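Undergrad: Let the hints inform the model, and build the full structure from the sequences given.
Listed in order, the protein sequences are those of chains A and B.
One point on numbering: in this note's numbering, the residue at position 221 of the first sequence is 224, and numbering is uninterrupted.
One point on numbering: in this note's numbering, the residue at position 351 of the second sequence is 1201, and numbering is uninterrupted.
No false leads were slipped in.
Listed next, the stretches of chain B that the computed footprint assigns to chain A, with coverage defined by at least 3 CB atoms under 8 Å from CB atoms of chain A:
| # | stretch |
| --- | --- |
| 1 | 1001-1008 |
| 2 | 1014-1023 |
| 3 | 1065-1077 |
Stretch by stretch, here's where chain B covers chain A in the computed footprint (C-beta under 8 Å, at least three residues):
| # | stretch |
| --- | --- |
| 4 | 8-17 |
| 5 | 72-84 |
| 6 | 88-94 |
| 7 | 99-110 |
To give an idea of the chain A side of the interface with chain B (calculated C-beta under 8 Å), a few residues:
| # | residue |
| --- | --- |
| 8 | Q121 |
| 9 | S123 |
| 10 | P131 |
| 11 | H140 |
| 12 | M176 |
| 13 | H305 |
Read the hints as simulated data drawn from the structure, not as lab findings.
In this text, all values refer to a predicted model and were calculated from it rather than measured experimentally.
Where is the CB? At the ideal position from N, CA and C, for every residue including glycine.
What follows is the residue order along each chain.
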Amino acid sequence: MPRCATRAVRTHDGVRQIEVFQAPEVALSEGIPDAVKRRMARVTRMGLAAAMQAVTDAFGPQRKGIYPKPERIGLVVGTAFGCLSMAIDHQDRVLTGGAAGVSPSIFSGSIHNAIASQLSISLGIRGPMSTVTTMEHTAIGAMRLAFDWLNADRVDHVVVVIGDELSEFHSYMMANLDVARDFDPQSDACSAIAGEGMAGFVISRPDAPGVRQRHCQITDVRAFAERCPVGQRYFVGCHGGEGQWSRHLQWIRHNAGTAVEPQCHARLFGSMVTAVAFEILVGALLVRTDGCRTICVQLTDHGEPQTLTLG
Amino acid sequence: MESTRRTLFEGCQDFIGNVQAGDAVFFGVRPEPDWPDVESLSSPGLRPNLFAVAAASEAIRLAGLAISDLRGMRVGVCLGSTVGGTNYQEEFLGQYFTGQLPDAAPLLKCYDTNSAQFLSRYLGLRGPVLLVNNACTSGADAIGVGSAWLENDVCDMAICGGTETVLAKIFLGFRSLMLCSPNGCRPFDRDRAGLVLGEGAGIVVLERADSPRRAQALLLGCGMASDSHHPTAPDPQARGLDRAVSMAFARSGCALEAVDFISAHGTGTPSSDLAEGRWIRGHANHARVVATKGYTGHTLGAAGGIAAVLTALSLIDGKIPPSRGFMEMDPEIGITPTCAVEAADYRLALSLSLGFGGTNSALLLARAP
Chain A
4 MPRCATRAVR THDGVRQIEV FQAPEVALSE GIPDAVKRRM ARVTRMGLAA AMQAVTDAFG
64 PQRKGIYPKP ERIGLVVGTA FGCLSMAIDH QDRVLTGGAA GVSPSIFSGS IHNAIASQLS
124 ISLGIRGPMS TVTTMEHTAI GAMRLAFDWL NADRVDHVVV VIGDELSEFH SYMMANLDVA
184 RDFDPQSDAC SAIAGEGMAG FVISRPDAPG VRQRHCQITD VRAFAERCPV GQRYFVGCHG
244 GEGQWSRHLQ WIRHNAGTAV EPQCHARLFG SMVTAVAFEI LVGALLVRTD GCRTICVQLT
304 DHGEPQTLTL G
Chain B
851 MESTRRTLFE GCQDFIGNVQ AGDAVFFGVR PEPDWPDVES LSSPGLRPNL FAVAAASEAI
911 RLAGLAISDL RGMRVGVCLG STVGGTNYQE EFLGQYFTGQ LPDAAPLLKC YDTNSAQFLS
971 RYLGLRGPVL LVNNACTSGA DAIGVGSAWL ENDVCDMAIC GGTETVLAKI FLGFRSLMLC
1031 SPNGCRPFDR DRAGLVLGEG AGIVVLERAD SPRRAQALLL GCGMASDSHH PTAPDPQARG
1091 LDRAVSMAFA RSGCALEAVD FISAHGTGTP SSDLAEGRWI RGHANHARVV ATKGYTGHTL
1151 GAAGGIAAVL TALSLIDGKI PPSRGFMEMD PEIGITPTCA VEAADYRLAL SLSLGFGGTN
1211 SALLLARAP
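TA: Have a look at this one:
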């Protein structure tokens, strides 16, 4: 789980200490050369760790290769900001050192799909691979893409990794826009604690062989939901934007009834644009235990809704 | 589109206008209710959006539609881009790293620099939106996503393709990898020395086969696959490309032998052209090969979208253009792309894309009946 830490941020009122949620460093597989690990962006390391956990959960512990037919495994990475720290590093080198200051390894690690590239190499995935980035719509958009590949019988399994890394960019923005305070995602006040993390999933066709255990079914993914499906439980992807909670509540209750009490778990991981990925993860673990049909909902600030149903 | 035809098939030079500032007026972009301030599209951060709006507007018009026709439909937008969605950092970071305290509010502009979200909101559409960041295959992959949306009834129409601008940080990054050519773009040429970056957008409007409107071209299949080989270098044996092509043909009812011409990725970089060219020689030596980056430069995330548009244009007109920049066959590759305009009864074409990070895409297109 992420831990709370503080960061010093420059503001017009002097240096300010703000709280952030920071994921712990994770030990990566022994099979990855140290030189490769050193060159990986933090978000890539988190993504690889999340993917490895999901793969182990689904297929059992295997050090090399995750499936006899690697071309039948797809990979989708959903990230709102990509390898932001490396991108900032690359930009800094360009600005301060010009052409001579540019590092080829930092540049190649800063490209958005560097995470997917490294994951495909480390996990031996040879099927379709895609990185998607659409702010709040990143997470369910990524799930929809995986769902489409499975529906079209292009693959048997898709490894989906969604999330973002904390950067000094986020801390600076939150401190200077004065939103870094008393994080309560279930209120309408603008409040945020910069968060980070990656959620990993293995999504498989119902008839796919080789799966050790299944947590739940994804029965429906709506990349543009005209109405909210009816469920027994509603999880909401909120990151603390002004009025965000009310917009979700209103939209869900308009479709599912006024008695519905949606929940949000963002206090566990902080403010993240891709927050709904973690709601899906929480939902998947709970559905396995209690079987309650769970609807995960994400609206953008413009009110465009997406849903994913777990059952 | 007419200037593109003149450039490709008549040897004119007016394909690429001398646009220094991304002038919205130059592209005929008009204010829309959701984005009245078109002049701001000329700013560097929004430049991919300007190209996307210009290309999408033309695609919608060529599809026989007006933008107002789309507002009652479920219209998805899926675009590919390498920098669209991230380029808001430049101005802010310039100040931040020189010790200043820049205004943090512009950071929220990242919502505007996501070209897919921008285009959807600019056109006032209702439907799914996705930006694909698969480096140089992004535009082709976005067309694949749009096709899947239609197949799965996620929307009624999909506006897809790619858009890109050239940023200094990207150019310097490629230069640090020694991938930029000092002597122009020369795809598959023996003396090729690298890529030349370009900018622009290539966007198509996809509809289901039962649409009442007449199709300009048919998309019969899309495939994508990972090399799982190296973060920056292509698999020399192009096994990922081979899997992508197989996937594109899998449900098309067509065979590779029936392909009339291949629109190659052909960036002019030694390793990428070698891997792609050898795959073509080994698997589709019967087909004519055309490489168009001598006209457009390598537009990275837009390249697959632009290639799809140019391939469709060749099918419509029954002509494939010369591969500008190619002069002499590389014996290690062993293919000779088109050197002059070639006209024939082209029916089936394959558009290939290979990307940084080991991504591969293939689009199978056919002439509309």
